[in-house]
Amino acid sequence: MTDESTPNPSVRAALEAVLLVVDEPVAEVVLAQVVERPTEEVAGLLRELAAEYDAGGRGFELRCVAGGWRLYTRADCAAYVERFVRDGQQARLTQAALETLAVVAYRQPVSRSRIAAIRGVNVDAVMRTLVGRGMVTEVGTEPATGAILYGTTSVFLERLGLSALEELPPLRDYLPDHFALDDDDVVAAG
Amino acid sequence: MTDESTPNPSVRAALEAVLLVVDEPVAEVVLAQVVERPTEEVAGLLRELAAEYDAGGRGFELRCVAGGWRLYTRADCAAYVERFVRDGQQARLTQAALETLAVVAYRQPVSRSRIAAIRGVNVDAVMRTLVGRGMVTEVGTEPATGAILYGTTSVFLERLGLSALEELPPLRDYLPDHFALDDDDVVAAG
Amino acid sequence: MAGPLGYRRRVPPVEPAAPAAAGGDASADFTTDPSTETGGFHVHLDVFEGPFDLLLGLIAKKQLDVTLVALAQVTDEFIAHIRSHGDDWNLDQASSFLVIAATLLDLKVARLLPSAEVEDDEDLALLEARDLLFARLLQYRAYKQLAALFDRRLGEEAGRHPRVVPMEPAFAELLPDVLFTVTPEQFAALAARAMMPRPRPTVALDHLHAPKVSVREQAVLLAERLRSAGAATFRGLCADADATIVVVARFLALLDLYREGAVSFDQVTPLGELHVRWVAPDDFDLTDAVIDLTDPTEEGSPDD
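Chains as they are written, first to last, in the working numbering: chain V, 1 to 190; chain L, 1 to 190; chain F, 1 to 304.
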């Protein structure tokens, strides 16, 4: 597929791939930068894709809202999505969400970048989920950087069956003896 | 499109819609419940969808990993996607960690001392790395000795793109035909 | 003795361009070391992870198949490798290498003496050891090849990113309450795992199946005895030691006390009776001294 005369398929695929992972609408100009193509070309491809999904009767659609493009579930599939969501399948937090929540619980108030450093992965989407589920909330900003700081909520305590944060079992009981875990260590290592 | 004799398109669309909102692999049986179709039919549709995305050169793919289905970006779009998700540079596993992981995968549940016997070296530090990265976890203790037994996790399956442990190639394919000793003999002696 | 040794692999999680690991390619490990800081043979060998790794490397280097014959042929080089390390071994590593070296020597001897017949149980045991070594090597090679497969797959998979996107607002409202299926204790364990720093080089002692004995505690014990008795023989001081490790710990404790100027030694003939005398000043504060005592069974390496 190195035929330079027909690069469109691969630009199209690149756009699809990026659209799959973005969690908020992305402007055409940003997408154009990412795939290194003129904005007009990208805009045309996005419209083509959207039309293709519509014509193909796909369960998802590509829409331009608030100046950006994002994948959405198709409206006439809503009943299924709702059932899936209500079914309790989503009531459990994913492993990634649980681990991130655990870091927030023990390190609060803490910024996203610090959590990301500790976990070694980007946590933006997971944090949005946790905030959305009412388990985590913004509790202030870091004076030096202005970064938003997060902490756990009373809903979190309630769900875990605790009356106060102090009731969380001490972390050191769960670390191997030789991990003298202090904050700086953790952050530095992350 | 209310033709009841060809409901497949809409079941397919429903599956696509649900797959768009899942944040971890979803089992066929769960999807079947949501769309109210027999599991076999849903399994067939999922495979069709996956093949269709592949054939269409889409930027995403549908894969069955860790026992469930989930949408992923296509590997050859990684360069573009990674401009968006600077997902923590997943540090590569060392040779020692890879070998240890291989032993755990094929010998689970297995104790550290047994792994050490197979590899001919102490594996404690390496096991900590693997546990810390969520690839390996404690799964029990050996009744006779009280030694902790380890096994692989669903993270391991996901990272390797396997849907189940059974998909691992058989160990015996990597041993000479005349390898007469059975595995337990070799290990026990170690 | 120099600190923890070279052999105990540099532990950083990121391996510089992990060499292709299939058995046949193991020579890559041997001939090219990516980070030759000090240069020389010694450093090259440090990339080997254990005796099996080394054996496979030597066999591959000679372009031999893995057979009993090949094993016999690389015996000399294997032993040369052990020699080349000189004092730079830790006990754990050295013992595993030596066991295999001994078996290899048997194997070589058996080949040099083709007429050798199996005569007694000892010979049989040798044969068994030899076959076992061979089997274990083949087994190790299998895992090494699978490790290469894992590496490849992990690399391929790293380019695929799963969709992780928060629910569309319309659906998010429908989400049932989060259901915690973990207890606070499990939650804490999860936090510990999530926050565990990258492992640092440590000398693990889990493989020592002897109970842990604290040199510190033994020092306190010996000091009490010597303070009241004035002098004693080492044999006498160890009369109640129920395990070799306790004897070793007491010996180390005595060395520490000697360093602190609390005891003196007297040995009339080499390997003869060791007399220990309490010479500490009256105001000698054991607790002060003891705090500084090295305690290899808890923190250091066993061969320090």
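Careful: at least some of the hints might be erroneous.
Claimed, not checked - Label pairs and their computed distance ranges (CB to CB):
| # | chain 1 | residue 1 | chain 2 | residue 2 | range |
| --- | --- | --- | --- | --- | --- |
| 1 | V | G67 | L | P169 | 28 to 38 Å |
| 2 | L | A27 | V | G56 | 36 to 46 Å |
| 3 | F | T181 | V | T39 | 44 to 54 Å |
| 4 | F | D88 | V | D173 | 33 to 43 Å |
| 5 | V | Q95 | L | A144 | 43 to 53 Å |
| 6 | F | G155 | L | D173 | 19 to 29 Å |
| 7 | V | E48 | F | L179 | 34 to 44 Å |
| 8 | F | L68 | L | A27 | 44 to 54 Å |
| 9 | L | E166 | F | L68 | 33 to 43 Å |
| 10 | L | A144 | V | G56 | 52 to 62 Å |
| 11 | V | R92 | L | A55 | 45 to 55 Å |
| 12 | L | T145 | F | G272 | 22 to 32 Å |
| 13 | V | E41 | L | A55 | 35 to 45 Å |
Claimed, not checked - The following residues of chain V were derived to be distant from chain F, with all beta-carbon distances above 10 Å:
| # | residue |
| --- | --- |
| 14 | V34 |
| 15 | E48 |
| 16 | G151 |
Claimed, not checked - Under 7 Å between C-beta atoms, here's a sample of chain V residues computed to sit facing chain L:
| # | residue |
| --- | --- |
| 17 | V11 |
| 18 | A13 |
| 19 | A17 |
| 20 | V21 |
| 21 | E24 |
| 22 | Y53 |
| 23 | A55 |
| 24 | G56 |
| 25 | R58 |
| 26 | F60 |
| 27 | T73 |
| 28 | R74 |
| 29 | Y80 |
| 30 | V81 |
These are computed hints drawn from the structure, not numbers from a lab.
Keep in mind that this is a model prediction, so the values were computed, not measured.
Just so you know, even glycine gets a beta-carbon here, dropped at the ideal spot from N, CA and C.
Results for each hint:
1. For the hinted restraint 28 to 38 Å between V/G67 and L/P169, the CB-CB distance of approximately 49 Å leaves it violated.
2. About 26 Å separates the C-beta atoms of L/A27 and V/G56, a value inconsistent with the hinted range of 36 to 46 Å.
3. The hinted window of 44 to 54 Å between F/T181 and V/T39 holds, with their beta carbons roughly 47 Å apart.
4. About 38 Å separates the C-beta atoms of F/D88 and V/D173, a value consistent with the hinted range of 33 to 43 Å.
5. The beta-carbon spacing between V/Q95 and L/A144, approximately 32 Å, falls outside the hinted interval of 43 to 53 Å.
6. Range check, F/G155 to L/D173: about 21 Å between beta-carbon atoms, so the 19 to 29 Å window is met.
7. Here the CB-CB span from V/E48 to F/L179 is close to 42 Å, well matched to the stated 34 to 44 Å.
8. Between F/L68 and L/A27 the beta carbons are some 49 Å apart, a value that agrees with the proposed interval 44 to 54 Å.
9. For the pair L/E166 and F/L68, the supplied restraint of 33 to 43 Å holds, since their beta-carbon distance comes to about 34 Å.
10. At about 59 Å, the CB distance of L/A144 to V/G56 agrees with the hint of 52 to 62 Å.
11. The hint said 45 to 55 Å for the Cβ distance between V/R92 and L/A55, and at roughly 34 Å that hint is violated.
12. Judged by the Cβ atoms, the range 22 to 32 Å given for L/T145 and F/G272 is violated: they are separated by roughly 42 Å.
13. Taking the beta carbon of each, V/E41 and L/A55 are about 24 Å apart, not inside 35 to 45 Å as hinted.
14. Non-interface call for V/V34 relative to chain F: holds, since the shortest CB-CB distance, roughly 14 Å, exceeds 10 Å.
15. Listed as outside the interface, V/E48 is consistent with that label: its C-beta sits roughly 22 Å from the nearest C-beta of chain F, beyond the 10 Å cut-off.
16. At roughly 14 Å from the closest C-beta of chain F, the C-beta of V/G151 stays outside 10 Å, upholding its exclusion from the interface.
17. The beta carbon of V/V11 is not positioned within 7 Å of any beta carbon in chain L (closest approach about 9 Å), and the interface hint is therefore violated.
18. A least Cβ separation of about 4 Å between V/A13 and chain L falls short of the 7 Å threshold, and the interface hint therefore holds.
19. For V/A17, the suggested interface contact is upheld, since its CB lies about 3 Å from the closest CB of chain L, less than 7 Å.
20. Hint on V/V21 holds. Least Cβ distance to chain L is approximately 5 Å, under the 7 Å limit.
21. Interface restraint check for V/E24: the shortest CB-CB distance to chain L comes to about 11 Å, outside 7 Å, so the restraint is violated.
22. With its C-beta approaching chain L no nearer than about 9 Å, V/Y53 sits outside the 7 Å limit, and its interface hint is violated.
23. Hint status for V/A55 relative to chain L: violated, with the closest Cβ pair at about 12 Å, above 7 Å.
24. With a least beta-carbon distance of about 9 Å to chain L, the hint placing V/G56 at the interface is violated under the 7 Å criterion.
25. Because the closest C-beta pair between V/R58 and chain L is about 6 Å apart, less than 7 Å, the hint holds.
26. Because the smallest distance between the Cβ of V/F60 and any Cβ of chain L comes to about 5 Å, under 7 Å, the interface hint for this residue holds.
27. With a cut of 7 Å, the hint placing V/T73 at the interface with chain L holds, because the nearest CB-to-CB distance is about 4 Å.
28. For the restraint placing V/R74 at the interface with chain L, the shortest Cβ-Cβ distance is roughly 6 Å, inside the 7 Å limit, so the hint holds.
29. Of the supplied interface hints, the one on V/Y80 holds, with its beta-carbon coming within about 4 Å of a beta-carbon of chain L, less than 7 Å.
30. Hint status for V/V81: holds, given a least beta-carbon distance of 5 Å to chain L, under 7 Å.
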